[in-house]
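Work from the hints to combine the two standalone chains into their complex.
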Amino acid sequence: MNYSQETVQNLCRKAVQVRANILEMIPPGKVGHLGGSASSADIMAALYFHAMKVNRDDPKDPTRDRLIMSKGHAVLVQYACLAELGYFDRSELAKVKTFDGKLQGHPDMDKTPGIEAVTGSLGQGLSISLGLALGLTLDASDSHVYTILGDGELAEGQVWEAVMAARVHKASNLTAIVDWNGIQATSTTAEIFPIENLADKWTAFGWNVIEIDGHDMRQILEALDAARAYTEGPSVILARTVKGKGFSFAEGKAKYHNASMSEDEYALAWKCIEEMKKEIEA
Amino acid sequence: MRTSDSLRKTYGETLVELGKNNKDIVMLEADLGNSTMSSLFAASYPERYFQMGIAEQNMASTAAGLALAGKIPFINSFAVFASGRAYDQIRSSITIADLNVKICGSSAGLSDYGDGKTHQSIDDIALMQVLPHMTVLSPCDAVETEKMVKAMVDHEGPVYLRINRNDLPLVTDPEQPYHIGKMSQLADGKDVVIFATGIMVQQSLKAAELLREEGISARVVNVSTIKPLDTAAVLSFCKGMKGIVTAEEHSVIGGLGSAIASATSRTRIPLEMLGVDDRYGTSAENYEVLLRNYRLEPEDVAGKVRSILGVN
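Chains as they are written, first to last, in my numbering: chain A, 1 to 282; chain B, 1001 to 1312.
If you are wondering where the hints come from, they were derived from the structure by calculation, not from laboratory data. C-beta atoms are modelled at their ideal positions from N, C-alpha and C, and glycine is treated no differently. Do not take every clue at face value.
Taking beta-carbon pairs under 10 Å as the criterion, some of the chain A residues facing chain B (in silico) [to be verified]:
| id | residue |
| --- | --- |
| 1 | Pro62 |
| 2 | Gln124 |
| 3 | Ser141 |
| 4 | Val159 |
| 5 | Glu161 |
| 6 | Val168 |
This is chain B alone, in the form it adopts within the complex (with noise of 0.2 Å):
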């Protein structure tokens, strides 16, 4: 059961829960456990736990090995590495032959504040989604976080997991059943749709609220299935809208905005995206001042509305 609104925590404490009674699950990590909170799995099940140094490469193939011994491996570094440093690992020893790997990439985005632009991912969307075979998820918040990590031990396949390192608001519905390749709608609206992913839904919803009261009806999207991306979904949501908005704490370049936009081409809605231009990330003293300095708060999301509608 969750104990806190933590993301990776959550993780950790999920995937103890769940090697009680799958003995198939296996932990692997390069010296950040008590980061990415796969240190949790040591202490239950030390015989499935296993310490592969700060050796990114050997772990990813390693983990490879692990699936064709019918294990269900996740490998645990900060996103930046788990994705950028053993890409070729990911790509050929594990999605080629198409293994059943559970990568997670952790401290995603710009959450690692203080280690700044080399600790910090905003290419690992891009990277994990244009390889075939690969799932891309990004939960939003804890409650999501713990229903994902169920589904992908379910899952048959690779997985690519990105976590949030920050606490979040809690904002999906703990009762509602989750399904990999299924996104939800968590503010409705009329105007403007808003497909959002990550710490970026939380923004996105606070932005609607700021709408609501310009007389802007905006609909809120949890995207937290990137690929399979559920394009029929998409289309669906967009349904009778001015203007598609897309939000995500990941560069502009490959992300979500760009799925959405491949999604969307065909209905001639006009699409504005939010993101992390076309730059690295930097140290600062908190997550706070990061989000408002990359244009990732809520205010940023309403702009891209506002500017998409016309108004000002």
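Next comes chain A alone, as it looks inside the complex (with noise of 0.2 Å):
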């Protein structure tokens, strides 16, 4: 699909303030996944204000389609965009974390509306999905199942398991997304465990591959339209990725993966968000 210039900036527009509710959740003296959340709140934005069929007022609603952020902590960008829909009270951002709050460290279904899975333990999401796949086509339902993997989690055996199964049983309603940021908790994934020839692997094993920028919005919209009109399996988008993008002082560290923000760091985070309000208006 040709999408406007219009829906394209709105959907950037949607980012910025995916990317102002995670910093609402990060106050000074919080510690927060803020690097695997920014990395991932262009596609997310996508996803959840674009490509989904979302019900905010029935969070169950059979027709939805499904989302599974297999990489749980950075579950924080997916809080802020359910946040931005209205599936639970914006006061619950400030609460995150806390014991009376909705909004779990890693995701809760159980908890939080919205949330489809437990997720968190690295390596199970894609196999979730596999299972929520096969299950929505035992029903002929259309609803889609998306699955938002780190790079880091890829190191999980299990990972490649449900790749393998997921071809095996050709299941075509399911996209997975890479947020590949190349940084992981203390280091970068070239350091730690490099998995070189990312594309050449999903391809060995039968995926159909879409390789993107994963902060280009039409690239973002045009990889998931492909995505889904892909009919003979599973697809997976590589997304290349910043952690923490967005935030100048903190993209491509590894130290803001899961960090608290000093005063003057989180000042100048809010003054990053008004720059990339302006930059979407320019």
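Here's what the structure looks like:
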């Protein structure tokens, strides 16, 4: 589909709002996964505000599309989207990771409206998504299942079990998206556990592989369309991203995988939000 | 309808029967379907049968996804792999979310006698019963297995079922209604109560016969739901007894014995546990050789009873 400048621009605005919501959840003194949340913010905005069928008024609507955050630690970005859509009150954002809040440190379907599974123990989300996809197919449903994986997470062997099985069972209603930001908890993936030739690997396993810049909204939209249109089997979008994208002081740094910001950094982060807004309107 | 005394064949046949009317039942397996008898499902309902290859972790989490889609997935493997190989997947994908996944641990205990220690599960009850939301079932014969599988389908939530590989003598009453969470007395007695599960129910009934000849009266209770344990029933069966014996084909650590000991700790009635000591299994030419060498025969149950009563 040929997307208008207006559609793209609106989604870019949403992505900035998503990043602002993320910031609300990590005020100084609070620790949070800024890096991997910000790197997937554009993809998540495209999914929640455009590609996916969602229903805030009936979170269990059987015709909805499903999103499984396999890299569960980055759930802040999902909370940011769900809050924006009104799945829960915005006041919950400040209560993230508190005893009385609805927003857990990792995704919990029982606590948070709009969360579809329990994830966080890495490597399990693609398998859960496969099961969902197979179940939906048995019911002749048109719903699609999306899974967000981290590139560091790809070291988990179970991911590749699921990659094989999804092809065997021809799960064409399943799209995996790798938030390929190149950095994991303690350092770069290149240093910690380099997994090379990602596109070749997924291709060899029989998946429809689409490579994009994960911060180019138009590319994201077109890739999501192509993945959904592909009916021969599962698709994967390998999205090149920048960890901490949008926050200059945090970009490309493992330190902000899960950290607290100083008062100065936090003020700077909000300035970054304003700059992102200006850039879109320019 | 049950066609044999095989627990695993009965398991597979019962699911074929139930699958006829209940279209939500789906079967997943990891290339052991001819042993677990989950393969019987494939012939009747190929579209609801998922061969997941030798990849138990993916199988467990995939089942979680199928449950999220409203299905009733049964996952199948040997007990040792079903519980241990996919432990974190059962914990994180299935039980934290309290999903409606049924896990069949087949060839449990030492019952896969030839394959040896890597394939014999002496720790699966311990692993499964520590998980919140999990129900742990252990049938002692094919009659009970049939009723249990039907109850599993009706029960909402994760269930672990541990099944013996070998045919076992029928000891339960086909007419007696079955409920998950209930235990049943198979022999009455007044001196000692024996709480047994799986094949140790048959061994304990034989032990009660041996003891009767010696003038000792032993009550035998079949504890086929290990979790949730019916503590009130346990205490009621213990009333007036001089001793409690537990018997299981599983490690004495973390199994039925531990659960009964916790439940009865305030009764101050002496308790002896019979089970696999803190060690792994081994290969043997037949099941009986293993049961003898791991001290899981009727005479071993009787020995625990005598020991607790202070008679030789």
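Would you list, in rising numerical order, the hints stated earlier that this structure does not obey? The structure conflicts with no hint, since it agrees with every one listed earlier.
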